[in-house]
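K.L.:
Each chain, letter by letter, is given below.
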Amino acid sequence: MNRRIAFRNARLIDPATGLDVKGGLLVENGRIADIGPRLFNDAEPNDPEVIDARGLVLAPGLIDACVHTGEPGAEHRETLASASDAAAAGGVTTMVVMPSTNPVIDEPSLVDFLLRRASATAKVRVAPVAALTKGRLGETMTEIGLLREAGAVAFSDGERTVANSRVLRRALAYAATFDALVMGHAEDPELTAGTSATESEFATRLGLPAAPAIAEAIIVARDLALIELTGARYHFAQISTRAALELIVAAKQRGLPVTCGVAAHHVILNELDVGSYYTFRKVTPPLRSEADRAAMAEGVASGAIDLLVSSHEPQGADTKRQPFAAAAAGTVGLETLLPTALSVHHNGADLATVLRAVTATPAKLLGLPGGTLAKGAPADLVLFDEGEPFVVEADKLHSRARNTAFEGRRFQGRARMTFVGGECVFKRN
Amino acid sequence: MTSAPPLPILKTSHLLGIEGLSPDEITALLDLADSYVVQNQAADKKTALLKGRTLINLFFEASTRTQSSFELAGKRLGADVMNMAVKTSSVSKGETLIDTASTLNAMRPDMLVVRHENAGAAELLSRKLTCSVINAGDGAHEHPTQALLDALTIRRRLGGFENRIVAICGDILHSRVARSNLRLLAMMGARVRLVAPRTLLPADADRFGVEVCTDMREGLKDADIVMMLRLQLERMGGAFIPSSREYFRFYGLDREKLAYAKPGALVMHPGPMNRGVEIASDIADDVEVSLIGEQVEMGVAARMAVLDALSRSVPCKSDSRGHA
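Sequences listed follow chains A and B, in order.
In the working numbering, each residue's number is its place in the first sequence (first place is 1) plus 64.
In the working numbering, each residue's number is its place in the second sequence (first place is 1) plus 26.
Think of the hints as simulated: they come from the structure by calculation, not from any bench.
On a predicted model such as this, the values are computed, not experimentally measured, just so you know.
From the three backbone atoms N, C-alpha and C, an ideal C-beta is built for every residue, glycine too.
Just to be clear, a hint being listed does not mean it is correct.
[Claimed, not checked] Label-pair restraints from in silico Cβ distances:
{"id": "1", "chain 1": "A", "residue 1": "V455", "chain 2": "B", "residue 2": "L259", "range": "47 to 53 Å"}
{"id": "2", "chain 1": "A", "residue 1": "E292", "chain 2": "B", "residue 2": "A265", "range": "55 to 61 Å"}
{"id": "3", "chain 1": "B", "residue 1": "R134", "chain 2": "A", "residue 2": "G199", "range": "53 to 59 Å"}
{"id": "4", "chain 1": "B", "residue 1": "K101", "chain 2": "A", "residue 2": "N411", "range": "40 to 46 Å"}
{"id": "5", "chain 1": "B", "residue 1": "S89", "chain 2": "A", "residue 2": "Q317", "range": "55 to 61 Å"}
{"id": "6", "chain 1": "B", "residue 1": "R134", "chain 2": "A", "residue 2": "G339", "range": "28 to 34 Å"}
{"id": "7", "chain 1": "A", "residue 1": "E265", "chain 2": "B", "residue 2": "S269", "range": "18 to 24 Å"}
{"id": "8", "chain 1": "B", "residue 1": "A132", "chain 2": "A", "residue 2": "D414", "range": "37 to 43 Å"}
{"id": "9", "chain 1": "B", "residue 1": "S269", "chain 2": "A", "residue 2": "E354", "range": "36 to 42 Å"}
[Unchecked claim] Stretch by stretch, here's where chain B covers chain A in the computed footprint (C-beta under 8 Å, at least three residues):
{"id": "10", "segment": "120–132"}
{"id": "11", "segment": "175–185"}
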């Protein structure tokens, strides 16, 4: 197949190369064949498919580095296919899927299963993360070498902190042998046991069992010490407090191989958004104070926080229609990731910086193709109007699960068209 | 003779907490409760006010006084009362709270009294059901009828709340009674003090417009009312205090500590008591200072007032945005 698509008059933004110009881009055989300010400037290009992108931004498709689907084990909530519908509608061209499924992705054959299911059913790329310890039980490390060969891009116990420092130390040292990336979750398991909110006046008013916000920084400090000891490449999948960010920034300055991400809801929402026990806003870690939320938004704006993720977590009425403490945590987010990045931009951040956190940086960190508009790269693209206003409506989401924490929120900017390997996988009418 | 329909008292058709009520609504409820105290002391305690109405008690946590108090309140107003025994129901077969409540709701009760271990349970039901929901305790959130009966007891003894000092002592952290009481008492003009060791004080307790003390001598100084709370040993996931005897030594109410309070100060306890842990038996049993028996009596009257008031309210639809 030699299919060609020509984009004209687009604002081309590629954080990986620092490109930000008006111009054209040519897709050929699923790859970016040419790009430049003068491309297609004068003459109509000689191509069957021409997309006039006047007023729109053409950027690398988003890489969402923290996605949970229900496959395998909870397909009634979300499958790779249904999550990929949401991803495509959100401009996300690669979903990095977490191993917290049933069964847990802790065997090479399960990584293989995921990749096969993804290529057969999903319309965007899927990059699997394998468990760091068997069954995510925090006891025995997984076959990191074999899992890597099978296609795992990183190792993580998902939203579980490895409580045992001895186990983590060995897993990190072993992972460092293979230069494998470990993704950690920072919540002190004992301090947070049985809690569902951040300790504060508000949680006290609601009578919710709550844990102090420092439950995060405590684990960040421990993990940083173990990274220093073992030299493992380590990524905090989603931090939510200023205290944690400051520790990580200081560690980076000392030269530690550490990065961090933040979930969109920790950038947009604070603890007060729980309102009168809105279970759709119950997340892990819990929503934080306004000061911490602002620190997260600043971190994305300045680039101090490396990645912005959706932490897409499908839940159903059975798990959410419960009293707050008994309800499951998590929000869907694939369709609100780009709008969240753009909201940080609309509040003053440089557009290329916020896009870097969802394109170039995750590609580099996880060793993924894409995340750039460079010649020869896969044509994973998103075309969006950065100013288009819209209101999030759960009924109109493309995922099977509709548990969005952003119901009724106003955003500016969302995907118009999404391309994976040069194929259009989404077009907004 | 036909009388005019009674005036509405509450703006909503549910009683989920003290938060959301106005001082006027509380005063009206207490006035109404006063009339039921009189009715309950008569030989014929029954009226037909709620004749034909159905009240269901749905208690997910064990309760003696609250459940029987609601049952009597309903029956004395002429309602049909059903008690759901959760231990023998489908709840123990894995049915969710909402499904259980929806099933009961489909039987068209007029009022559902619910107690649940999780904060927000009553609020959740109020959004999903068509009947009036009365919160009889949800986690560590609220227990509004307890606060109303305590307020009724205090008002009848002291005449009012303005500038009275109420010391709420003990396990504030796990206590919905403390949260409802401090909201109500502070709103009605009383000075509220919370007295507890730091492990049993919730985060930012000082932001509730109350004084916070960790010492009984300081906390009880000049208090008109000393309200002791039960040490909720069943909710203590970790060790909050080293031992019952140490707790009693520093925070248990005995004659010596009661002497710090204003002479003639009165003692309250929502029950059930842990004698010798938070309160000495001789104080609990001393009718000169203890209002504990009176609180139980006021409980029935206060709950009759609540049922009466809610029966006058029109059911309302609430916004369910952001909810499952």
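K.L.:
Look at each hint and say if it fits the structure.
P.N.:
Hints versus structure:
Range check, V455 of chain A to L259 of chain B: about 49 Å between beta-carbon atoms, so the 47 to 53 Å window is met. Between E292 of chain A and A265 of chain B the Cβ separation comes to about 33 Å, which falls outside the hinted range of 55 to 61 Å. The hinted window of 53 to 59 Å between R134 of chain B and G199 of chain A is violated, with their beta carbons roughly 48 Å apart. In this structure, K101 of chain B and N411 of chain A break the distance hint of 40 to 46 Å, their C-beta atoms being roughly 60 Å apart.
With their beta carbons about 57 Å apart, S89 of chain B and Q317 of chain A fall inside the hinted range of 55 to 61 Å. At roughly 30 Å, the beta-carbon separation of R134 of chain B and G339 of chain A lies within the given 28 to 34 Å, and the hint holds. Between E265 of chain A and S269 of chain B the CB atoms are about 31 Å apart, so this pair departs from the stated range of 18 to 24 Å. Taking the beta carbon of each, A132 of chain B and D414 of chain A are about 57 Å apart, not inside 37 to 43 Å as hinted.
With their beta carbons about 40 Å apart, S269 of chain B and E354 of chain A fall inside the hinted range of 36 to 42 Å. Counting residues of the segment 120–132 of chain A whose C-beta sits closer than 8 Å to any C-beta of chain B gives 0, which falls short of three, so the coverage hint is violated. Counting residues of the segment 175–185 of chain A whose CB lies closer than 8 Å to any CB of chain B gives 0, so the stated coverage by that chain is violated, three being the minimum.
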